[in-house]
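Undergrad: Residues per chain, in single letters:
Protein chains: 2
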Amino acid sequence: MVKIGILGVGTVGASVANILESNADIIEARAGKKIIVKSGVVQNLSKERGVNITLSDNPLDVVNDPEIDIVVELMGGVDEPYSLVKKALENGKAVVTANKALLAYHRYELQEIAGDIPLMYEASTAGGIPIIGALRTGLSANHIESIQGIMNGTCNYMLTKMINEGALYDAILKESQDLGYAEADPSFDVGGFDASHKLLILASIAYGIDAKPEDILIEGIENITQTDVAFAKEFGYEIKLLGIAKKIGEGVELRVHATMIPKESMIAKVDGVMNAVTVVGDRVGETMYYGPGAGGDATASAVISDIVDIVRGNQGPMLGYKKGLESGLKLLSKDDIITQYYLRLEVSDESGVLAKITSTLGEFGISIESMLQKPSLQKSRAKLLFTTHKTKESKMQEAMKSLSSLTVVYGDIAMMRIEK
Amino acid sequence: MVKIGILGVGTVGASVANILESNADIIEARAGKKIIVKSGVVQNLSKERGVNITLSDNPLDVVNDPEIDIVVELMGGVDEPYSLVKKALENGKAVVTANKALLAYHRYELQEIAGDIPLMYEASTAGGIPIIGALRTGLSANHIESIQGIMNGTCNYMLTKMINEGALYDAILKESQDLGYAEADPSFDVGGFDASHKLLILASIAYGIDAKPEDILIEGIENITQTDVAFAKEFGYEIKLLGIAKKIGEGVELRVHATMIPKESMIAKVDGVMNAVTVVGDRVGETMYYGPGAGGDATASAVISDIVDIVRGNQGPMLGYKKGLESGLKLLSKDDIITQYYLRLEVSDESGVLAKITSTLGEFGISIESMLQKPSLQKSRAKLLFTTHKTKESKMQEAMKSLSSLTVVYGDIAMMRIEK
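Residue numbers (my numbering), protein chains in the order written: chain A, 1 to 420; chain B, 1 to 420.
Check each hint, because a few of them may be wrong.
The list treats identical chains as one, so a pair stands whether inside a single copy or across any two.
Unchecked claim - When the alpha-carbon atoms are kept at most 16 Å apart in a straight line, the in silico EDC-like pairs for lysine to aspartate or glutamate are as follows: (1) Lys322 / Glu28; (2) Lys323 / Glu369; (3) Lys161 / Glu222; (4) Lys34 / Glu326; (5) Lys174 / Glu222; (6) Lys401 / Glu346.
What the hints contain is simulated information worked out from the structure, not anything from laboratory work.
One chain only, chain A, in its complex shape (with noise of 0.2 Å):
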């Protein structure tokens, strides 16, 4: 029998619970042998957390248990889990965690920490999508050549609701709060940051990057209107919020950032709340993982299937390069990220602007792809739509700067980068 000790027993830490209870026939038949929860460790005891397992406020209460074979680790937060991550790994207890902050800045101090003591982490990336093995085990024999998914599903919900139904970000934005998607203060999940978690985890397995947030470019979805989703369906089109790595020689572009994509690629055609990762190998091609990112029974079925690997005795380095054998890519700058870009502009309506533009463009190398003309609400004046083909990102950084110091050229310039 092995058994479990919960830091943090909130709705997916009761849903670990609770499944493995509901579900002990089919886990022990999959593990080959008994797991239970002997505890768990809340902040507030006096809430009723519908579960039938003893819980402590003190989180040595776990860390410390002799009798427990795997903590389970579903506080959030940083500094707190890890210490206590690193003191359960100290006491030779298996760690199973659904943390992607903790991961996102602490992922290489755990692997050094963890040692042999296996250090799992499947659920903190994309829900219940089997993702990480897919990564660490299905894909072994490949070079990654990219990633891009779609990892946060209020971001995607939104999306969806702009460009199916033609809402305004405000609205669904509200919308998206009322029905719980979305939390009070938004930034972590509109601004791209919950979604760069996940991305720096995946391109740990991938590439063997050691990455923090700061360290890569991160945009969110505020900014984009009708106009661009217009713009993006005339095109062919979708917009999606993307975490993307991609090995481009010896270096790996990570960014986070809405994206323009081809509207008959797989992942542009993943609607709702739901998440999915697409993953490009040397060997095997493109392939695609789809499932629910977030809910406490979908992410509870990740903690689990590490639960389950543990016990099965299976072994393989955390972050999927043995130590010694790193891949020695090295994360390029933001700088250097090369692609291509949808830039609105609104200018006056008048001749010789569309050749101020692009001689503007010109100057720094940057030549137009396709190109569309609206009208303006503002009287005078007109939009301008346009992509542009690939180009270095500092290129278009100089030339949005040019751009809208230009006397034809009103307020700022929204901008896109797309992906093909």
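Put chain B on the given structure of chain A with help from the hints.
TA: Relative to chain A, chain B alone:
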């Protein structure tokens, strides 16, 4: 260092050898050990294989070689690979096979023979998609409610062309043969037999069902016409050849057939030669796995993922259930399948016909959900297309016999099942 022997160095075998050499860096980093191919076996030694390994035409040179740790079986067929895999396991060697026919007939005997020796088969089902790993490990917390798989790329390519481009069955079959997607004798693919082997493998892991192809309902795509395609479009369906496994109480439906599915479902969006498997777990909900179902490198990617897993020392019951903890679920009879049906009849274009048809169906307790009448190419005849509410397969078969015997009905009745 781990040494591999390959039985059958054809397209996939050569890819396995080549990838183990070209991607040796990442594979050693993933597995923690060097993996090399020591030798391979072919029928015809004079044919050039494009690989750097010692070849023999005697399988026992691999199976009895004390230096070989893992035997990779890629021969095809059933009887010869069965005896060789058996011998390899008896010699204490781990085995990786991509042979779906072998497993469709002998997976439970092989599990028994293997005991604690790893016998893995990720490549047997849906090529490069790590669906076996997802079912064995990623979804281990779940009772599986259903599986729907597009597991034959040839059929999916043909159906996509028939639906998106209005191609006729015979023309597109010829094109598929010219492109090398379909064999000269295409019946193994278009008749649903290939998909049935894969479905049986998935059904073992999901449900512990020990069935053989002869035990389940297998139909192909040979009778689909553009009339059916037009009806499907009109009513919002795609047509896919699906392998379906579904838990109904303590029983499991297993069946392979052309299926009408709502075009909004994720699996309906999978076009061309690609494969995909949707799995619904009782806790995780719906997940889907998408990728290439065939091809040397994609299949080899799956073979090597098993090798890496074995080298890592990973374990777990071969077919997902620990001995003594089997599910106890039973295969339902074909007659007891319950689903919705689509029927196409050629009838006399005269008054009272519809009443006769519906009253005949009514005798078997079958009611109509939607209906469409189209002109026939034959004078004084009409095509009657309709869908029914849920009914039992046995009732539908009896009703079809009864309808066929009506004087107002001409020729064979076409039938397709519907899954919503």
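Undergrad: For every hint, state whether the structure bears it out.
TA: These are the hints, each one checked on the structure:
{"no.": "1", "hint": "Lys322 / Glu28", "verdict": "between (30 Å within a copy, 8 Å between copies)"}
{"no.": "2", "hint": "Lys323 / Glu369", "verdict": "neither (45 Å within a copy, 62 Å between copies)"}
{"no.": "3", "hint": "Lys161 / Glu222", "verdict": "within (14 Å within a copy, 40 Å between copies)"}
{"no.": "4", "hint": "Lys34 / Glu326", "verdict": "between (36 Å within a copy, 14 Å between copies)"}
{"no.": "5", "hint": "Lys174 / Glu222", "verdict": "within (13 Å within a copy, 51 Å between copies)"}
{"no.": "6", "hint": "Lys401 / Glu346", "verdict": "within (14 Å within a copy, 69 Å between copies)"}
Hint 2 from the list above is the single one not met by this structure.
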